[in-house]
Structure formats: C-alpha cells, structure tokens
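Chemist: Using the hints, build the complex out of the two chains.
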Amino acid sequence: MGISQSTLNLTQSEVDEVHKYCDSILTAGEIESLYRRFRSLDKSHKGFLGAEELVRIPEVALNPLSHRLCVILDGSNFKEFCDLVASFSPAASPQRRYMFLLQFLDIDGDGVIGVSDIIHVLRQMAGTYLDENLLEDVANAMLVEAASLSSGGKQTSSGNAAKELPGGVPLAGISLDILEKAVSSAVHDLWVEIPRAW
Amino acid sequence: MLFTSKSQQELAALHLLERTSEERARSGSGAASLPNPKKREGMDVAAKAPVLSAFMQGLINPLSDGAASVVDDSFSCCFQSQPYEPWNWNFYLFPLWCVGVVVRHGFLFPIRLLSLLLGMVLFIVSFTVANNAISDVTKRKRIESSLIVFMCNVFVWSWTGVVRFHGPQPSRGAKVFVANHTSMIDFIVLESLFPFAVIMQKHGGWVGWFQTRILNAIGCIYFDRTDSSDRAVVAKRIKEHVHASGSNPLLIFPEGTCVNNEHCVMFKRSAFDLDVPVCPIAIKYNKTFVDAFWNSKRESFTMHLYKLMTSWAVVADVWFLEPMEKLQDESSIDFAARVQKMIAERANLRVVPWDGMYKYVAPKPETRERRRRAFAELMKSSLQKEKKP
Numbered sequence: 001m002g003i004s005q006s007t008l009n010l011t012q013s014e015v016d017e018v019h020k021y022c023d024s025i026l027t028a029g030e031i032e033s034l035y036r037r038f039r040s041l042d043k044s045h046k047g048f049l050g051a052e053e054l055v056r057i058p059e060v061a062l063n064p065l066s067h068r069l070c071v072i073l074d075g076s077n078f079k080e081f082c083d084l085v086a087s088f089s090p091a092a093s094p095q096r097r098y099m100f101l102l103q104f105l106d107i108d109g110d111g112v113i114g115v116s117d118i119i120h121v122l123r124q125m126a127g128t129y130l131d132e133n134l135l136e137d138v139a140n141a142m143l144v145e146a147a148s149l150s151s152g153g154k155q156t157s158s159g160n161a162a163k164e165l166p167g168g169v170p171l172a173g174i175s176l177d178i179l180e181k182a183v184s185s186a187v188h189d190l191w192v193e194i195p196r197a198w
Numbered sequence: 001m002l003f004t005s006k007s008q009q010e011l012a013a014l015h016l017l018e019r020t021s022e023e024r025a026r027s028g029s030g031a032a033s034l035p036n037p038k039k040r041e042g043m044d045v046a047a048k049a050p051v052l053s054a055f056m057q058g059l060i061n062p063l064s065d066g067a068a069s070v071v072d073d074s075f076s077c078c079f080q081s082q083p084y085e086p087w088n089w090n091f092y093l094f095p096l097w098c099v100g101v102v103v104r105h106g107f108l109f110p111i112r113l114l115s116l117l118l119g120m121v122l123f124i125v126s127f128t129v130a131n132n133a134i135s136d137v138t139k140r141k142r143i144e145s146s147l148i149v150f151m152c153n154v155f156v157w158s159w160t161g162v163v164r165f166h167g168p169q170p171s172r173g174a175k176v177f178v179a180n181h182t183s184m185i186d187f188i189v190l191e192s193l194f195p196f197a198v199i200m201q202k203h204g205g206w207v208g209w210f211q212t213r214i215l216n217a218i219g220c221i222y223f224d225r226t227d228s229s230d231r232a233v234v235a236k237r238i239k240e241h242v243h244a245s246g247s248n249p250l251l252i253f254p255e256g257t258c259v260n261n262e263h264c265v266m267f268k269r270s271a272f273d274l275d276v277p278v279c280p281i282a283i284k285y286n287k288t289f290v291d292a293f294w295n296s297k298r299e300s301f302t303m304h305l306y307k308l309m310t311s312w313a314v315v316a317d318v319w320f321l322e323p324m325e326k327l328q329d330e331s332s333i334d335f336a337a338r339v340q341k342m343i344a345e346r347a348n349l350r351v352v353p354w355d356g357m358y359k360y361v362a363p364k365p366e367t368r369e370r371r372r373r374a375f376a377e378l379m380k381s382s383l384q385k386e387k388k389p
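Line order of the protein sequences matches chains A and B.
If you read the first sequence in full-length UniProt numbering, its first letter stands for residue 1, the second for the next number, and so on.
If you read the second sequence in full-length UniProt numbering, its first letter stands for residue 1, the second for the next number, and so on.
No lab work stands behind these hints, which were simulated from the structure alone.
Honestly, I wouldn't trust all of these hints.
Stated by the list, open to error - So the derived list for chain B, only partly shown, Cβ under 10 Å to chain A, looks like this:
hint: 1; residue: Val45
hint: 2; residue: Phe55
hint: 3; residue: Leu63
hint: 4; residue: Phe75
hint: 5; residue: Leu113
hint: 6; residue: Lys239
hint: 7; residue: Glu330
hint: 8; residue: Glu345
hint: 9; residue: Asn348
hint: 10; residue: Glu369
hint: 11; residue: Arg371
hint: 12; residue: Glu377
hint: 13; residue: Glu386
Claimed, not checked - The list that follows gives simulated cross-link-like pairs (lysine-lysine, DSBU-like), each with its CA atoms no further than 30 Å apart:
hint: 14; chain 1: B; residue 1: Lys307; chain 2: A; residue 2: Lys46
hint: 15; chain 1: B; residue 1: Lys139; chain 2: B; residue 2: Lys239
hint: 16; chain 1: B; residue 1: Lys239; chain 2: B; residue 2: Lys175
hint: 17; chain 1: B; residue 1: Lys326; chain 2: B; residue 2: Lys297
hint: 18; chain 1: A; residue 1: Lys43; chain 2: B; residue 2: Lys297
hint: 19; chain 1: B; residue 1: Lys236; chain 2: A; residue 2: Lys43
hint: 20; chain 1: A; residue 1: Lys79; chain 2: A; residue 2: Lys46
hint: 21; chain 1: B; residue 1: Lys341; chain 2: B; residue 2: Lys236
hint: 22; chain 1: B; residue 1: Lys175; chain 2: B; residue 2: Lys307
hint: 23; chain 1: A; residue 1: Lys46; chain 2: B; residue 2: Lys364
hint: 24; chain 1: A; residue 1: Lys46; chain 2: B; residue 2: Lys297
hint: 25; chain 1: B; residue 1: Lys202; chain 2: B; residue 2: Lys236
hint: 26; chain 1: B; residue 1: Lys326; chain 2: A; residue 2: Lys43
hint: 27; chain 1: B; residue 1: Lys175; chain 2: B; residue 2: Lys326
hint: 28; chain 1: B; residue 1: Lys364; chain 2: A; residue 2: Lys43
hint: 29; chain 1: B; residue 1: Lys385; chain 2: B; residue 2: Lys287
hint: 30; chain 1: A; residue 1: Lys79; chain 2: B; residue 2: Lys297
hint: 31; chain 1: A; residue 1: Lys79; chain 2: A; residue 2: Lys20
hint: 32; chain 1: B; residue 1: Lys307; chain 2: A; residue 2: Lys43
Note that CB positions come from ideal geometry on N, CA and C, so glycine has one too.
One chain only, chain B, in its complex shape (with noise of 0.2 Å):
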C-alpha cells in the first residue's frame, strides 16, 4: 500500500540509527579492550585543543557508520534474492542433475505450459459467457468468483504448488485480510482457496489485461506507485469497499513491495485504519526448489513465471492467524507493528524498519538532521569552552 507516515517513517529510521550505534557499542568494547596507551594522551588534547578534538570525535562515529552502511546495510539485504548453492559437483551428481535439467524443461515445462494455456482458454470463455449471458448481478459474481478461482488453481498447479494451508479456512465474515509479501504468486497462492479482493500495483503487459478484465469481478482496487494524487482515491475505494455489504473481504499486502521472504519491512498503516479486525495471513515459502522471491526490478513477472514453471515444486506453508482488533489507546502505526509481528514471527522474518518505499523514493532526512543539530551543539559548546579555559 502507499500511504506513508511522516511520523512512522522517522521513528523507523530513528530506531535503526539507535540500533546501529548500539551494535557499534557493543562490538566497539571488543575493540577498546585492546590496549590503548593513547588514551591519556587522547585525554590531554581534549584539554588542550577542545574544539578540534570535538570535531574529530563528532566526525568519527558518522564517517564510521557511513562506511558500514557502504559496506552492508539492512535495506538492501530485504531484496536479495537466495545465493544459487551448487551441489552438482561431483560425479555421481552431476549425471543426475543434468537428468533434473532435462526433465523440468524438456518434460515438465511443455506439460505445464500447455494446461496453463489451456486452463486460460477454458477460463476465458467460460467466463465471456457468464460475463455477457447472465443477468442476476450476485448470481454472475459469484460464478465469475468461482471461475478466478479455479484459474488461479490452474497457475499453481503450473508450478506444482504444494501449499498447506494451516488454521481456520477465511470465510466471508472477516473483511480485511493482511499477508506478508513476496511475489505477485502470493495473491494466485491466496486466491486458489478464496476469492479475496485485492490491492495492487496496476501493471501492464498481459498481467495489466488481467486486472482490467478480469480482477474487477471480485472487486480489485489497483494503484499506480507514480501518482501521488492516486493515494486518496485508493483509501476512499479502500473504505467504501469494507462497508459494503457482500463484498469479497479485502486482501492487502502492507508491506507494498516484494520482499525476499526472510526479512519483513515496515506494514503500512492504511489498512488497520479502518475499523475493523484485519485477519494477518503469514506466507512462507520453501527455498528448497526455487525462490519464490520476485525481484521485479531484475526480472519481469513472465520470467519469475518461467522460473517457477520449470522448477520442481513451489512448497508454501500459509498460516491464517488469529484475527486481531485495534485496542483501545492503541495507534494504527502500533496496531501495524503487532501484526508484522505476529506475521513475521510465524513465518520466521526479521523485522526491518526500513519503508519498502525508499526502493522508488529516497528517505525523509529527519534523522540526518537530528544528527547534525547535535554536532552543531558540540561545536558550539567546545567554542565556549575554548573562549573562557
């Protein structure tokens, strides 16, 4: 989703700066066990030069963080996807793996691709004709419904999908859904047990003729990440849709972009703003075969597609969790982060406090200033020091 909170996105920056320097610390006590026969020295300059020993303090743990985040940083990590582990290496593996190689694209892929389209084409007219020849709205809705459903189970069979579904089935009382994101395959995965409504990003090619003919059946509301004014519109559908009667429930993925599947980035609010109990959904996927992560900015959806249809299985375990409600002195940012939690602790993710945002749109540089206001009050203070010894 799209909505971003001044607020949120500063106390989420401000948190990790407070956990890298604390790391630091802790690390840095390693390092100054060392012996250090410069620190009484270190103490004299103090004394006798303040203010250049105040400039190079105040520069030091900056430059010092600057180089880490250079070197690793806890945003990039969310969107890399598993390092290939090659175990063909030797001679009895090898044979066999060439025999995989040739059975997942040689047999498997052409099995797959041909009852995808198939599937497609049975979809497809099956239904233009309950679109055009039925008349009784709810009746038509419920058939279309049930027809994108079984499309959606056509695509995971395409990738052998093994999906276990633990906890209690959704069903039509709960409205708001909310999942963990790791690829566009996470709403096909969802939909093959149930006909949410969901939120996304409006694409184009083949995937965009979906949603628009297609998606709108079940009530989809799309956004477009490079239109601002498209935020208020989206909440607006977003609210008028909860209070409607007989809707599908809504699935949201708050994240609002993919993740690897190991790490989970901050949720956005938007969807526990809207008073009622948002049901988390935790999606897990198994590495083993393939990585379901989807790196849109790497590969187009068709690709991720072609990797997962030629991989042996796709092995997914999804969770239906516990519906929670907002308490009552609770804000939606807190409400947000004890769902992310839940999720993330039952799918096994590190929680990040990063907004998966800043892939298309840089920081808000609150914590950049909070910093430099302070090392301008140690200038200042050294200076006034000096000034009267």
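Extracted from the complex, chain A is given alone in its bound form (with noise of 0.2 Å):
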C-alpha cells in the first residue's frame, strides 16, 4: 500500500558491478534475492555480516562446519557474500570451487593445506570424535596420499601406486592441482540452488 521503497532494491548499476564481481556467475534475479537475505542477515544494518549473527541461524548452528563458514563471512560486504555464493552456484565452473575450496581449507592462508589446516578442519568435522593422536596420523595419511596422487601422474604405467604408498614421503601441504585430483566427480555436490527474485 506504500509507494515502491526503491531505496531498498539495488540499482542497475549496482547488480552489474555484483555481476562481474563473481565472474558473472549470479543472475540479476539471483543477486536481487540474495540482497534481500543479506539485509535480513544483517540486522543492525551494518552493510557487512556479523559470525554473531550468522549463529543465530538455527541450521547454521547445527552445522559441523559452522565456525569455519562463519569466520570467513565474518566482516564481508554484499559483493563478497554473492563472490561466495557465486562458488556453489550451478553454473560455476569446476575450476572456481576447486579454488573456493582450496580458500576454504587453508586456514593459515599460505596457499597449500597443510598438517594444522587439516587438523583444524578435522577438529571441527569430527568434534571429540577423532583421538588427538588420530588426527595427526589422518593428516599424515593425506599428506602421504597427496604425494602419491601428485607423482601418480607421471608414472602413468603403474596402476598399483597404492602399493607402494606406506613409505611413500608426504607432501608439505596439498595445493590446488592435487585438491583437484583427490576431489575430482565429488565436487559436482558442492552446489546450493539459490533462489530468484523472478
């Protein structure tokens, strides 16, 4: 019943620059629904979104990974919350979540997963669930794995690299090219349907 609250709605010039933003990966309906939940996240009306606010999200809470999501939404403006969406929208391509992941894993940001990235995810996924001692030799694990995956490339003629994997030597820390190879078909789950303004 009220004229149109126009100060509300983005600007055409405004869903462009979000548009490019993500690699224009989000549709302008996309961005439009997304700045509608981005304001009701934000609900002091900061322009950038609180973990504190986040929590309160019942579903977010009760998610294993919560605190880590949390931390890097934590502070970020409209354009980089749609930058992340942009990386679980069906149309991004694998290459982009392998990158989305990659950022999501290195918690020191150093550009490789290593031992503590490992274990501090593991910490969070499994909570008391995994032995202290355990966590350390599943990282390990990965790491020697990693190693296998990255050499397993070149020796193209042995099919049972697996074999020879107790001694293998592992790697510092698992970059972009080895994340690929070991996620490989899995990354086609990493996707959320966004929903349109229209």
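Modeler: Here is the structure:
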C-alpha cells in the first residue's frame, strides 16, 4: 500500500557491479534475492555480516562447519557475500569450486593445505570423536596419499601406486592441482540452490 | 509457552536435516544427469587415496548444507513480514492511492483513536467502580469479564476488524484452547468473543499496566522468558487453573512466539500434558490490507497497533475446531504435533520443525554431534582401509 521502497532495492549499475565481481555467475534475479537475504542477515544494517548474526540461524548453528563458515563470512559486504555464494551456484565452473575449497580448507592462508589446516578442519568436522593422536595420523595419511597422487600422474604405467604408499614421503601441503584430483567427481555435489527474485 | 523438551527439539532438528539432505539428493539427481566424465576417475582416486577422498566426501555435504542455510533457511522465513507489493504505479491508481492515504491517516485514524480512547476511559472507570463497589466475588468476576470483552471489542473496532468466526462458539465446558500465534491481537480478537484466561509473556509499558491491573480479573497467567525458574511456577499455576472449578477456559499459544501466519513452528507440549481435551483454534489473517504479523524485534506493540489503525481493515478468519483428546498410547509430543497439523491445515500454514524459542536461545547441538560422530567413523574406517590395502 505504499510507494515502492526503491531505496531498499539495488540499482542496475550496482547489480552489474556485483555481477562482474562474481565472474558473471549469478544472474540479476539471483543477486536481487541474495540482496534481500543479505539485508535480513545484517540485522543491524551495518553493511557487512557478523559471525554472531549467522550463528543465530539454527540451521547454521547445527552445522559442523559453522565455525569456519562464519569466520569466512564475518565482516564480508554484499559483494563478497555474493562472491562466496557464486562458488556454490550450479553455473560455477569446477575450477572455481576447487579454488573455493582450497580457500576454505587453507586456514593459515599460505596457499596450500598443510597438516595444521587439516587438523583444524578435522577438529570441526569430527569434534571429540577422533582422538588427538589420530588427528595427526589422518593428516599424515592424507599428505602421503597426496604425494602419491601428484607423482601418480607421471608414473602412468604403474596402476598399483597404492601398494607403494606406506613408505611414501608426505607432501608439505596439498596444492590446488592435487586438490582437484582428490576431490574430482565429488565437486559436483558442492552446490546450492539459489533462489531467484524473478 | 516456555517448556522445552530436549528430545522434541532433537527430533525436530533431525527431521529437518534429513529433509534438507533429501531435498538435495532429489534436486542433485538433476545435477548428476549432467555429463560427468570424471566419475570413473573419482573411483580410481578413492582406491588410490582412501583417506583423502573420504575426507573430501565427508566435507562436501556439510559444507553445501552450511552454504544453503546461509542463503536461505526455513527458520528465519517464519518471522518475515510480507514484502510490500506497490500497486500505485500508474497515473490513475496513484491519485486514488493518495486519497486512500489521506482518508486512512487524516480521517479514519483520528476517529478510531478517539473512540479507542473514549472506550478505554469508559472501561477503566467502570472497571474500577466494579472492582471496588461489588463485594460478591462471582458477580464481580462476571461483570469484569464482560467489561474486558467490551474493551476488546473496542480494540477490534479501532482497526475495523472484520472477523469471521466459524464453528461452534466456545463455552465454559471446555478447559483448554490452543491457537496459532501471529500477533498480540490474536488475544484481542478471541477475547472479543469470549473471556479466555490467557498465558502470556509479561510486557512492559502500557501493555504491562493492563496485564497487572486488568487482566488478572479473568485469571491470566504471565511468564518471563528470561527467567528459567519461572517455568515450574507457571506450570503449577496452569494445572491449578485447569482443575479449579468456575475458572475461565485457558487460551494457550503453544508456539510461544509470533509467527508470520504463513508458517507454524513447533507446538510446546505443556498444553497437551494436562489430561483434558484440547480445543484447537485456527486463525488466518487476510493480508490484502495489512500484514497482522507482529515482528516484536522490529516494532513496538504501539507501532504495530498504529499500523493496524491506519489500514482500511483487519480481515481475519477464526475457526473453532473439534476438541481433541490424547489417545491411549500417544505421547504429549505426538498429541501436540497432531493438533498442530490440524490447525496448520485449516489455516493453510506450512509446518516447520523448529522451536520458536530459537529466536531467543541457541539450539541444542545434538544433530551436529551426530554428524560429527558419523564423520569420525568414516575417517577411522578409511584409515583402516589404508593400513591393509
């Protein structure tokens, strides 16, 4: 019954800006509906998200990865929020999703997923159900396997690379190309349905 | 109502998580039908690097779920007001809309406010007189009750409430009524028909004054969300009220919080634990003129009333449904869910499994712990697999 609340909507140039910022993955309709969502998440209208506001959503609070997710989203403005969501769009390339996964798992930000990163994520994913010493075992086993994956590409002739594993030397960290191999087809499950405003 | 049941919450959250993964699986089949040449390679990786691929597999679903609930979640949507659909966008609708604004704010609102204030003065004076002059308790209660019904009618009139009541009118025979909750005006609308005793949150300001001075006359029971020791006291008072003879029927809003009249959050079981038949009431507001949802975090009740009083009308349907009794081997939680379903169907609401109290407190982490345990098992078994390839 009122005059259109135009100040609450994005202008075309703003939509374009966000569209470019997220590599043209999100459509204008998706950006519009994400903007509504962003405004409702940003309860105090600061212009950026706060971790404590996200944790108030019960579904987020019950997610094992909520902590890392909130750390990544904490303080992000609308453009950055869209950039993150774009990685989950069905239209996003596998490359982009690998990149996102690497960023998500690379806690210390050194470009590769090292032992400390893996242990950090394992703690969130498994809580208290994995023993502390087991955490290190898992992380080491992953890095040994990563080493075999990275060399396995070259030794195409030997199909049973797994047999050579126990003596293998672990990598210092999992880089993007090894991550691609390790995730491979599972990356297709990394997606989210993004509502459209129209 | 306040009383939470741990197992009920857990069940609700589990149900929801299963639903989301189900939905993902269903829509995921669409994504899987895309050409997926990497599928075979993925199987090779799982053989070559069991721990690594188990880790990634276990990570991706919760990560997607987490992102999905950031993008959209079924809890927040329960408390979202209806977005405005402007209709004044062309040259002949715009002047009409302007006339409407002037009539609503400049003409209807003052008249309504004036009659509301007049009605209030009349009510307070006669209530005080009745309270002090009449010594016979039952007679005094009866007169006070009918004065409160009168006051609520004045309120309903002040927003030109067009309320259609369906089904048999409530009577003193039944003891417990439960209704879905949209706004504090639910109470006013129902009270304009019959003097229910209501269980409500204690408020401050002029609403608090009404609660302490007036509504005690019909036996209303108040609670304070922030005070956890309050629960036991309130539960005891409810029991006493229900078993006392001659008390007004109790009206309970088992959702415990205002929902946007499109969804229906979990019913707390306390109303269904009393071993008396429960009469469900379904309330549906028509949103054509105004959204009756009171978003108590965004606006005060006075602002909410102002919004209602400057609209053309508040249109509502109220259905008094068949009284329900707890079945022989039914738990109070199942009974609550059954009555909730009845009300939701009648008022065309979508049932969500969340506890409305999550607006105020964080949920219990049981489901998260279950997922964590499952992930830990997955990692352990993949380690085993690697040790003996």
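Chemist: Now look at each hint and say whether the structure bears it out.
Modeler: Hints and how they fare:
no.	hint	verdict
1	Val45	holds (5 Å)
2	Phe55	holds (6 Å)
3	Leu63	holds (6 Å)
4	Phe75	holds (5 Å)
5	Leu113	violated (19 Å)
6	Lys239	violated (31 Å)
7	Glu330	violated (27 Å)
8	Glu345	violated (25 Å)
9	Asn348	violated (21 Å)
10	Glu369	holds (6 Å)
11	Arg371	holds (5 Å)
12	Glu377	holds (8 Å)
13	Glu386	holds (6 Å)
14	B/Lys307 - A/Lys46	holds (26 Å)
15	B/Lys139 - B/Lys239	holds (24 Å)
16	B/Lys239 - B/Lys175	holds (11 Å)
17	B/Lys326 - B/Lys297	violated (35 Å)
18	A/Lys43 - B/Lys297	holds (10 Å)
19	B/Lys236 - A/Lys43	violated (37 Å)
20	A/Lys79 - A/Lys46	holds (14 Å)
21	B/Lys341 - B/Lys236	holds (27 Å)
22	B/Lys175 - B/Lys307	violated (34 Å)
23	A/Lys46 - B/Lys364	holds (29 Å)
24	A/Lys46 - B/Lys297	holds (17 Å)
25	B/Lys202 - B/Lys236	holds (17 Å)
26	B/Lys326 - A/Lys43	violated (41 Å)
27	B/Lys175 - B/Lys326	holds (14 Å)
28	B/Lys364 - A/Lys43	holds (23 Å)
29	B/Lys385 - B/Lys287	violated (60 Å)
30	A/Lys79 - B/Lys297	holds (27 Å)
31	A/Lys79 - A/Lys20	holds (10 Å)
32	B/Lys307 - A/Lys43	holds (22 Å)
When each numbered hint is compared with the structure, violations occur for hints 5, 6, 7, 8, 9, 17, 19, 22, 26, 29.
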